[in-house]
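In the working numbering, the protein residues as written are 1 to 208.
Rather than coming from a laboratory, the hints here were simulated on the basis of the structure. Predicted model only: the values in this text are computed from it and were never measured. Hints may contain errors.
What the hints assert, rightly or not - Derived lysine-lysine pairs resembling BS3-like cross-links, with alpha carbons at most 30 Å apart:
(1) Lys183 to Lys71
(2) Lys124 to Lys74
(3) Lys170 to Lys193
(4) Lys71 to Lys5
(5) Lys62 to Lys74
(6) Lys15 to Lys62
(7) Lys62 to Lys156
To be verified - Using C-beta positions, here's what the derived DEER-type ranges look like:
(8) Glu2 to Leu131: 26 to 34 Å
(9) Arg6 to Pro53: 22 to 30 Å
(10) Ile83 to Val55: 16 to 24 Å
(11) Pro53 to Ile83: 36 to 44 Å
(12) Lys183 to Thr21: 20 to 28 Å
(13) Pro53 to Pro149: 46 to 54 Å
(14) Ile188 to Pro149: 16 to 24 Å
(15) Lys180 to Ser92: 24 to 32 Å
(16) Val86 to Thr35: 49 to 57 Å
(17) Ile161 to Pro140: 34 to 42 Å
(18) Gln166 to Tyr17: 53 to 61 Å
(19) Ile161 to Glu27: 36 to 44 Å
Note that the Cβ used here is the ideal one computed from N, Cα and C, for glycine as well.
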Amino acid sequence: MELNKRQEQILQIVKDYGPITGESIAEKLNLTRATLRPDLAILTMAGYLEARPRVGYFYTGKTGTQLFADKIKKMKVEDYQSIPVVVNENVSVYDAIVTMFLEDVGTLFVVDDESLLAGVLSRKDLLRASLGKQELTAIPVNIIMTRMPNIAVCYKDDPLIDVAEQLIEKQIDAMPVVRKTEKGYEVIGRITKTNMTKAFVSLAKDDV
1 MELNKRQEQI LQIVKDYGPI TGESIAEKLN LTRATLRPDL AILTMAGYLE ARPRVGYFYT
61 GKTGTQLFAD KIKKMKVEDY QSIPVVVNEN VSVYDAIVTM FLEDVGTLFV VDDESLLAGV
121 LSRKDLLRAS LGKQELTAIP VNIIMTRMPN IAVCYKDDPL IDVAEQLIEK QIDAMPVVRK
181 TEKGYEVIGR ITKTNMTKAF VSLAKDDV
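Using the sequences plus the hints, can you model the full thing?
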């Protein structure tokens, strides 16, 4: 976030005299409290200042880089997850390929007859299966999928940055967002590298 000249002046005043009230800041700048209100709100929401009732404004001491890092750490999976694309474990490889093509996704989540997570199908899995001479309409996806418990999952409350690290570490394109039940995992969303890109682009734009 790039500060304007008046916001820089406000920060310097709070550094030098804080805690200090909004009225006192306005007096030092020969401005009205109403004129300063938007700038104080921006500096407070951005994290440069902290406001305490009946006390005034404090300087947090954080740099722009630290504030940006703090924002990233607060981003949660549930704010950026998308709708999962699931198939039953008994559908054919051919039908899974068609679903992946029509839904324009790179990963399918496979569920059992109780709609619980049973496996994951990637483009590589389907490509590998299609290279042979097998009849794809006769092969169920549960033959070629990656099975539980060898599947990385995440929860809606997980920090987005932690999931991003897992995607990179495990070299996968997507991860199911799950809800744990007594019988297993219910798939409630998905997080992909595309979700990550959109999240960090939106954060960067908000910080401009």
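Results for each hint:
1. Lys183 to Lys71: violated, 36 Å
2. Lys124 to Lys74: Violated, at roughly 33 Å.
3. Lys170 to Lys193: holds, 12 Å
4. Lys71 to Lys5: holds, 24 Å
5. Lys62 to Lys74: Since the Cα atoms of Lys62 and Lys74 sit roughly 16 Å apart, the hinted pair holds (cutoff 30 Å).
6. Lys15 to Lys62: Roughly 12 Å separates the two Cα atoms, so the pair holds.
7. Lys62 to Lys156: Roughly 29 Å separates the two Cα atoms, so the pair holds.
8. Glu2 to Leu131: 26 to 34 Å: Given a distance of about 53 Å, which is not inside 26 to 34 Å, the answer is violated.
9. Arg6 to Pro53: 22 to 30 Å: holds, 24 Å
10. Ile83 to Val55: 16 to 24 Å: violated, 46 Å
11. Pro53 to Ile83: 36 to 44 Å: holds, 42 Å
12. Lys183 to Thr21: 20 to 28 Å: violated, 58 Å
13. Pro53 to Pro149: 46 to 54 Å: This hint holds: roughly 51 Å between Cβ atoms.
14. Ile188 to Pro149: 16 to 24 Å: Given about 19 Å between the Cβ atoms, the range holds.
15. Lys180 to Ser92: 24 to 32 Å: About 30 Å separates the Cβ atoms of Lys180 and Ser92, which means 24 to 32 Å holds.
16. Val86 to Thr35: 49 to 57 Å: holds, 55 Å
17. Ile161 to Pro140: 34 to 42 Å: holds, 37 Å
18. Gln166 to Tyr17: 53 to 61 Å: With Cβ atoms ~46 Å apart, the hint is violated.
19. Ile161 to Glu27: 36 to 44 Å: Distance hint for Ile161, Glu27 holds at roughly 42 Å.
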